[in-house]
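K.L.:
Residues per chain, in single letters:
Protein chains: 2
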Amino acid sequence: MQKKNISLDEAKKIIGENVAPIQRTEILKIKDLIKFNVFADRVLTTDVISSINVPPFDKSAMDGYAVKFEDTQNSSLENPVELKLSGSVFAGQTQTGKNKTTLKEIKSGECIYVTTGSILPINANAVVKIEDTKRDGNNVKIFKSPKLLENIGKEGEDIQKGNVLLRKGEILTPAKIGVLAALGVKETEVYSIPKVAIIGTGNEIIDIDKNLTPGKIYDINSYALAAVIKKAGCIPVRPKIAKDKEEILQKQLEEALQYDAVVISGGSSVGEKDLLSKVVESNGKILFHGVNIKPGKPTLFGNVNGKPVFGMPGNPASCLMNAYVFLLPALRKMAHISFERKIVKAKMSEKLRSNSDRHLFVTVKLENGYAKVVYKTSGAITSMSGADGFIEIPITKQVIEKDEGVEVNLF
Amino acid sequence: MQKKNISLDEAKKIIGENVAPIQRTEILKIKDLIKFNVFADRVLTTDVISSINVPPFDKSAMDGYAVKFEDTQNSSLENPVELKLSGSVFAGQTQTGKNKTTLKEIKSGECIYVTTGSILPINANAVVKIEDTKRDGNNVKIFKSPKLLENIGKEGEDIQKGNVLLRKGEILTPAKIGVLAALGVKETEVYSIPKVAIIGTGNEIIDIDKNLTPGKIYDINSYALAAVIKKAGCIPVRPKIAKDKEEILQKQLEEALQYDAVVISGGSSVGEKDLLSKVVESNGKILFHGVNIKPGKPTLFGNVNGKPVFGMPGNPASCLMNAYVFLLPALRKMAHISFERKIVKAKMSEKLRSNSDRHLFVTVKLENGYAKVVYKTSGAITSMSGADGFIEIPITKQVIEKDEGVEVNLF
Numbered sequence: 001m002q003k004k005n006i007s008l009d010e011a012k013k014i015i016g017e018n019v020a021p022i023q024r025t026e027i028l029k030i031k032d033l034i035k036f037n038v039f040a041d042r043v044l045t046t047d048v049i050s051s052i053n054v055p056p057f058d059k060s061a062m063d064g065y066a067v068k069f070e071d072t073q074n075s076s077l078e079n080p081v082e083l084k085l086s087g088s089v090f091a092g093q094t095q096t097g098k099n100k101t102t103l104k105e106i107k108s109g110e111c112i113y114v115t116t117g118s119i120l121p122i123n124a125n126a127v128v129k130i131e132d133t134k135r136d137g138n139n140v141k142i143f144k145s146p147k148l149l150e151n152i153g154k155e156g157e158d159i160q161k162g163n164v165l166l167r168k169g170e171i172l173t174p175a176k177i178g179v180l181a182a183l184g185v186k187e188t189e190v191y192s193i194p195k196v197a198i199i200g201t202g203n204e205i206i207d208i209d210k211n212l213t214p215g216k217i218y219d220i221n222s223y224a225l226a227a228v229i230k231k232a233g234c235i236p237v238r239p240k241i242a243k244d245k246e247e248i249l250q251k252q253l254e255e256a257l258q259y260d261a262v263v264i265s266g267g268s269s270v271g272e273k274d275l276l277s278k279v280v281e282s283n284g285k286i287l288f289h290g291v292n293i294k295p296g297k298p299t300l301f302g303n304v305n306g307k308p309v310f311g312m313p314g315n316p317a318s319c320l321m322n323a324y325v326f327l328l329p330a331l332r333k334m335a336h337i338s339f340e341r342k343i344v345k346a347k348m349s350e351k352l353r354s355n356s357d358r359h360l361f362v363t364v365k366l367e368n369g370y371a372k373v374v375y376k377t378s379g380a381i382t383s384m385s386g387a388d389g390f391i392e393i394p395i396t397k398q399v400i401e402k403d404e405g406v407e408v409n410l411f
Numbered sequence: 412m413q414k415k416n417i418s419l420d421e422a423k424k425i426i427g428e429n430v431a432p433i434q435r436t437e438i439l440k441i442k443d444l445i446k447f448n449v450f451a452d453r454v455l456t457t458d459v460i461s462s463i464n465v466p467p468f469d470k471s472a473m474d475g476y477a478v479k480f481e482d483t484q485n486s487s488l489e490n491p492v493e494l495k496l497s498g499s500v501f502a503g504q505t506q507t508g509k510n511k512t513t514l515k516e517i518k519s520g521e522c523i524y525v526t527t528g529s530i531l532p533i534n535a536n537a538v539v540k541i542e543d544t545k546r547d548g549n550n551v552k553i554f555k556s557p558k559l560l561e562n563i564g565k566e567g568e569d570i571q572k573g574n575v576l577l578r579k580g581e582i583l584t585p586a587k588i589g590v591l592a593a594l595g596v597k598e599t600e601v602y603s604i605p606k607v608a609i610i611g612t613g614n615e616i617i618d619i620d621k622n623l624t625p626g627k628i629y630d631i632n633s634y635a636l637a638a639v640i641k642k643a644g645c646i647p648v649r650p651k652i653a654k655d656k657e658e659i660l661q662k663q664l665e666e667a668l669q670y671d672a673v674v675i676s677g678g679s680s681v682g683e684k685d686l687l688s689k690v691v692e693s694n695g696k697i698l699f700h701g702v703n704i705k706p707g708k709p710t711l712f713g714n715v716n717g718k719p720v721f722g723m724p725g726n727p728a729s730c731l732m733n734a735y736v737f738l739l740p741a742l743r744k745m746a747h748i749s750f751e752r753k754i755v756k757a758k759m760s761e762k763l764r765s766n767s768d769r770h771l772f773v774t775v776k777l778e779n780g781y782a783k784v785v786y787k788t789s790g791a792i793t794s795m796s797g798a799d800g801f802i803e804i805p806i807t808k809q810v811i812e813k814d815e816g817v818e819v820n821l822f
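In order, the protein sequences belong to chains A and B. With our numbering, letter number 274 in the first sequence gets 274, and the count goes up by one each step, no holes. In our numbering, each residue carries its 1-based index in the second sequence increased by 411.
Please keep in mind that the hints were generated in silico from the structure rather than gathered at the bench. Fair warning: this is a prediction, and the values are worked out from it, not measured in the lab. All residues carry an ideal CB built from backbone N, CA and C; glycine is no exception. Don't take each hint at face value.
[Stated by the list, open to error] The following label-pair restraints were derived from C-beta to C-beta distances:
{"no.": "1", "chain 1": "A", "residue 1": "R135", "chain 2": "B", "residue 2": "E421", "range": "49 to 57 Å"}
{"no.": "2", "chain 1": "B", "residue 1": "P432", "chain 2": "A", "residue 2": "E105", "range": "50 to 58 Å"}
{"no.": "3", "chain 1": "A", "residue 1": "V399", "chain 2": "B", "residue 2": "E812", "range": "41 to 49 Å"}
{"no.": "4", "chain 1": "B", "residue 1": "G427", "chain 2": "A", "residue 2": "N305", "range": "50 to 58 Å"}
{"no.": "5", "chain 1": "B", "residue 1": "E598", "chain 2": "A", "residue 2": "V399", "range": "43 to 51 Å"}
{"no.": "6", "chain 1": "B", "residue 1": "Q669", "chain 2": "A", "residue 2": "R353", "range": "57 to 65 Å"}
{"no.": "7", "chain 1": "A", "residue 1": "K154", "chain 2": "B", "residue 2": "A451", "range": "40 to 48 Å"}
{"no.": "8", "chain 1": "B", "residue 1": "E657", "chain 2": "A", "residue 2": "E105", "range": "27 to 35 Å"}
{"no.": "9", "chain 1": "B", "residue 1": "K558", "chain 2": "A", "residue 2": "E401", "range": "40 to 48 Å"}
{"no.": "10", "chain 1": "B", "residue 1": "K414", "chain 2": "A", "residue 2": "L85", "range": "31 to 39 Å"}
{"no.": "11", "chain 1": "B", "residue 1": "R752", "chain 2": "A", "residue 2": "E401", "range": "29 to 37 Å"}
[What the hints assert, rightly or not] With a cut-off of at most 25 Å between alpha-carbon atoms, the simulated DSS-like pairs for lysine-lysine come out as follows:
{"no.": "12", "chain 1": "A", "residue 1": "K297", "chain 2": "B", "residue 2": "K545"}
{"no.": "13", "chain 1": "A", "residue 1": "K210", "chain 2": "B", "residue 2": "K565"}
{"no.": "14", "chain 1": "A", "residue 1": "K13", "chain 2": "A", "residue 2": "K285"}
{"no.": "15", "chain 1": "B", "residue 1": "K642", "chain 2": "A", "residue 2": "K231"}
{"no.": "16", "chain 1": "A", "residue 1": "K285", "chain 2": "A", "residue 2": "K297"}
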């Protein structure tokens, strides 16, 4: 049943119940992930289990000398133990001969020079930092007794083979990308990024590449919506502007339904030309039409072929405010990315009366801890562009006093 | 003069003094800006001044009837004024005849049907919402007296020609992109996105597309660094891994210097093979080498040909932690984007001893308001990947008690 003029909370609830994380997946190359033009926030569809130990061998964590711990007890600056330098292993160096790994071996009374990351010689069980030694020809003076296993990175110390390292649903942060690289993972399965079609309606709307003729205005909403869709971690897909004709909107909607969600701006007011509700209704279901908020009252939300359809008001400030209130959290959910509003506390710079029986969103600018109203009209994009965020005034509240504490939702 | 083992604050100060917002600019097409694979955070190099009024004409803000305000005084449900319907203007409709705009005109006692966004007929000075009217053939009953200019969007109400709307240095948010669209701006000048070259050093390091042979480990740092560079709003450029040889590192650095900054991981520890400081010094200037922090002590920062060069430790956790502490804020500054750490308060889940005379960064996971240590070793990428953020323990503090309040810097 189509609901009319519902409360903000009910609208949020209905959207929440009718928007689901998308299940389409794709294979992502780790090398692509760090390209600048590939979206950063990708979400794993499966756990990542380590196929190797990291480090894959015992290694030196320092530049210095690998020793047998037993040989170096009671070393001190005054009474250094002296060991025979029997060789060196540099980081990355091990393979000697064809397909054969020969590890150097320490005998009692000997040490081997190692660098940070070197594979550890056989029998070595400590590394003495170079700063605590002095080389004298083929001998090395040890000025400090290492602890057992000191300065050694044990095989598997970071990651053990078979461990679950990353889990389904986790976002690939820099550190998690690092984990994939550590394992030599070349590609991994991630959820596809939701694609969101944008339709701007209105015979008066023209795209920015056209010349402005009398009675026409430039399409603001498609650009602002596309930017919000990107902010949500989704891909904006932009079909042409739909003229106010049922057949045209019908055709645009059909095309748009190949994507994961559809956002339509304009055409949802009550009046002779309310095409949007007609078209959504004849193709699917309107879940609500009209929310008791200001701006944004004529908002429509429906479901066509299992795809959420957001009908935003045509007024630019209403449309963009609605995009922050309804669309952004919904798209984050579709993209498997958690959503949290960034809120800062401020004081109201002037007395503010609600004068409305609707839940109000008022855009404000932050100045020295004060929230200053920048809202003009719902038709004005500058009601939004000069603002840092918005405050909410619930229906039950009539007045915010000067200096009263408010919470500002940052854009 | 090269500084050694300086404090965290001094290191931050030196970096701050030697990293500047880049001045290279480029022309950005607004249509490109909303493409999914184009970076969102672009910064204006100049003020944007409006060349038009928005709306460009007086328009109706509602579906309803445009009237002469004077004709409709004292209308009520009981005593409606009745007006003659003399025509209609739909949104987008005005041009009649060749290159000629004919606006409809209201005479006394008449009204004209208008839709939201319609250009206002001549002489109209109010619009009555359709809900407050009833049409009866060619007559319209007006049930409510409008106020003067009610439901009219005046020309220039949103934006006035000649106004400075956006300012140099502002980031193009969705609303500001909307402003550019409102003006029909097709392209604008923005600062170029800083390109940051990454060099991974170490003979033991191999890229993820290679097979792991004994003594080798996969390159973790280049991937984690690239992800942080993207997070900073910059473009990672990834040259090959440099072997530990002066000529090779020299060549890699030369190539890297065509970009705006260089990040090198590994090769900055003290020891026989400390090539990085040698190479940086012979090409430019080391500004510091060694910071009194843990992890991340061997960090190096220099300047070569006017480009900042960050020498990160080779240990993955040290490298990535340093990237968050030093690199991310520096790159944001280069990209003209403000940087603010996201901090949440938590309680320490266990007693934590510093045992160090260095400023400590300890990675933690947040669980029910508690910060739980996940830090293992500076060599372990899992010291970072399982963490939500990090806490800092200054040199002057030795112990954090269980349940003590801490501030967690979120990644």
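K.L.:
Hint by hint, which ones does the structure fall short of?
P.N.:
Hints 1, 9 not satisfied by this model.
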